[in-house]
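Engineer: Sequence:
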Amino acid sequence: MSDDLNNRGGQDRARINVNEPHEVDYWTKELGVTKQRLQQLVKEAGTSAKAVREKLASD
Numbered sequence: 103m104s105d106d107l108n109n110r111g112g113q114d115r116a117r118i119n120v121n122e123p124h125e126v127d128y129w130t131k132e133l134g135v136t137k138q139r140l141q142q143l144v145k146e147a148g149t150s151a152k153a154v155r156e157k158l159a160s161d
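If you number the sequence shown the way my numbering does, the last residue is 161 and the count never jumps.
Check each hint, because a few of them may be wrong.
Okay, derived cross-link-like pairs now, PhoX-like style, lysine-lysine, Cα gap no bigger than 25 Å in a straight line [stated by the list, open to error]: (1) K157 / K137; (2) K131 / K152; (3) K152 / K137; (4) K145 / K131; (5) K145 / K157; (6) K157 / K131.
If you're looking for bench data, these hints aren't it; they were derived computationally from the structure.
Based on the provided sequences and hints, a complete structural model is requested.
Structural biologist: In structure tokens, the structure reads:
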């Protein structure tokens, strides 16, 4: 199933897909990190937005 760019509700914000440019743009702004840092956080914490936020807070 493809991403619906017009429906960015809760489910779309619960996971981070670093392969989708619009998500990378959103999450780098939301978290105040670079693309490279976002990719590293996802690599270490997984795709859960909650886990990525927790990892960012603990670093």
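Engineer: Now tell me if each hint is right for this structure.
Structural biologist: Hint by hint, here is what the structure shows:
no.: 1; hint: K157 / K137; in the structure: holds, 16 Å
no.: 2; hint: K131 / K152; in the structure: holds, 16 Å
no.: 3; hint: K152 / K137; in the structure: holds, 18 Å
no.: 4; hint: K145 / K131; in the structure: holds, 18 Å
no.: 5; hint: K145 / K157; in the structure: holds, 11 Å
no.: 6; hint: K157 / K131; in the structure: holds, 17 Å
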